[in-house]
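From first to last, the protein sequence lines stand for chains A and B.
No gaps in the numbering here: position 43 of the first sequence is 43 in UniProt numbering, and each next residue is one more.
No gaps in the numbering here: position 192 of the second sequence is 192 in UniProt numbering, and each next residue is one more.
No lab work stands behind these hints: they were computed from the structure.
Beta carbons: idealized from backbone N, C-alpha and C, even for Gly.
It is possible that some hints are incorrect.
Stated by the list, open to error - Just some of the chain B residues that point at chain A, by a computed CB distance under 10 Å:
1. N101
2. W103
3. P104
Unchecked claim - Cβ pair distances, simulated, as ranges:
4. A/R207 <-> B/H142: 22 to 30 Å
5. A/A142 <-> B/I2: 49 to 57 Å
6. A/R207 <-> B/V79: 45 to 53 Å
7. B/T27 <-> A/P123: 30 to 38 Å
8. A/A142 <-> B/T83: 32 to 40 Å
9. B/V79 <-> A/N110: 27 to 35 Å
10. B/G200 <-> A/A142: 47 to 55 Å
11. B/D136 <-> A/G200: 39 to 47 Å
12. A/Y199 <-> B/K80: 51 to 59 Å
13. B/A149 <-> A/G200: 22 to 30 Å
14. A/L51 <-> B/K195: 52 to 60 Å
15. A/W124 <-> B/T27: 35 to 43 Å
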Amino acid sequence: MSWKLFTLLVQAAGATALFSAFAVVAGIALGLFVCGVALSRFRAAAGVARLYVSFFRGVPLLVQLLLVYHLLPVLGLNVSSATAALVALTLCTAAYQAENLRGAFLSVPNGLVEAADVVGMTPWQRFRRIEAPIALRLAIPALLNEAVAILHASALISVVGVIELTKTARDLAASTLEPLPLYAMAGALYLVMNMVLVYGGRLAERRFSVRTA
Amino acid sequence: MIIPAAQVDGLDKEFGTTRVLDRINLTIPAGQVTCLIGPSGSGKSTLLRCIAMLEEPSAGIISVGGRPLGFSLENGKRVKLPTAHNREVRGQIGMVFQQFNLWPHMTALGNVAEALKTVRRMPKAQANEIAGQKLDEVGLAHRRDYYPAQLSGGQQQRVAIARALALEPKLMLFDEPTSSLDPELTGEVLNVMRKLAEQGMSMIVVSHEIGFVASVASKVVFLDHGRVVLDGTPQEVFAKPRHPRLAQFLDTYLDREAVMLA
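Construct the entire structure; sequences and hints are all you get.
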């Protein structure tokens, strides 16, 4: 494979990495918010949060991408296909992350919550100082799992016209008539990105490990 | 008249259709140790948790330091009190749990200083200084930077006591503080509690440590099936001939320790 083809693939991998990184970070933030609402005592809001989760987990990402891409202009928002892709990826991954986080919050031992109550913390103080730090640590493996999944699923954003790694590999394979080396290289690049992600997750796990007896 | 540390009037607690506490009337004297004893399921922990506002009573009024907590009686009607009021009154109560419940992501010092910083809005340096003193009082100054998982059960429970004491409570609640400890480790926790009692802290202790109860308590309350069966000084409660239910309790539940009362 020529150097030229290689640099084209690396550039495309850069796009994949950027889109995925944004979706992972924004998705965890939005997921935390959705999870907070779902667990709150505001019934109606919690219902909306559950609806959100079941929609974005229930509809395939491919369909979500197409929906968002065609819906935003109808709502009067003229956005680029890159923006539409970011929005769809984030909304989708946030639904999964919200569930990962909800599970973690529910496994914070009740006694630790009661200990916060008896020292007089308000629900918000308790959330910020006790529940969230413990739950986030418990959730790291699941959050990382979803980050890996969204990195892979980002290959779908080419359907709304965004150039990323898989699409670039296909185009180059078609034009050079040499599919095997191109797909092999694309696979290798995904693998590298994955390893970076997993390594980052390991660091976070070690740094924030819940010290349990 | 001295205001009692806590007062319980006509307290009921039902979980579904099960009545766990039945018309409890109790005065907790200030500056003394009151021990709640009774078989499992007698409602002693639930009573303590009602006083700590971890359970909402189904009926009745609880007051702490002369001020109603949770509900008050106005014109014969029981009305819910505002959250801000309850938080303030509950601020006078410290609680220690059977399972210690230290926050695992904070050091011993962090656990003790936490509420001073977040609830009392104290500057970090000042909160840490007070926390250090409290850890010293329970004999754990040298373990301030350890995480709960690095401490023994007895040490964890002493940190939990320091955490409660940091807020300068007027009343301390102990919910079976030594029940999840090895016999070897209960001593160090009971010693800290004994010291606290000598300093005149008002305490309510749910405990199976009959030796501790008999020697430290000014008042013993024996509960059975959600009712107060006996209420008096240890001499009165443990006096012979014993109340048949108490005798049965001491026999079946406390073989190893009841010997000293024989």
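Comparing the hints with the structure gives:
Here the hint on B/N101 is kept, as its CB sits about 4 Å from the closest CB of chain A, short of 10 Å. The beta carbon of B/W103 is positioned within 10 Å of a beta carbon in chain A (closest approach about 6 Å), and the interface hint is therefore held. Residue-level restraint check for B/P104 holds (minimum Cβ-Cβ distance to chain A is 5 Å; threshold 10 Å). Evaluation of the 22 to 30 Å hint for A/R207 and B/H142 yields a pass: the beta carbon distance comes to about 26 Å.
Between A/A142 and B/I2 the beta carbon distance is about 56 Å. The supplied range of 49 to 57 Å therefore holds. At about 49 Å, the beta-carbon gap between A/R207 and B/V79 stays in the expected band of 45 to 53 Å. Here the CB-CB span from B/T27 to A/P123 is close to 32 Å, well matched to the stated 30 to 38 Å. The supplied range of 32 to 40 Å is met by A/A142 and B/T83, whose beta-carbon atoms lie about 34 Å from each other.
Take B/V79 and A/N110: their Cβ atoms lie about 28 Å apart, and the range 27 to 35 Å holds. The beta-carbon spacing between B/G200 and A/A142, approximately 50 Å, falls within the hinted interval of 47 to 55 Å. At roughly 41 Å, the beta-carbon separation of B/D136 and A/G200 lies within the given 39 to 47 Å, and the hint holds. The hinted range of 51 to 59 Å is satisfied by A/Y199 and B/K80, whose Cβ atoms lie roughly 53 Å apart.
Under the hint 22 to 30 Å, the C-beta atoms of B/A149 and A/G200, about 25 Å apart, fit the expected range. Distance hint check for A/L51 and B/K195: the Cβ-Cβ separation is about 56 Å, which falls inside the suggested range of 52 to 60 Å. For the pair A/W124 and B/T27, the supplied restraint of 35 to 43 Å holds, since their beta-carbon distance comes to about 36 Å.
Against the hints set out earlier in the document, no violation occurs for any number.
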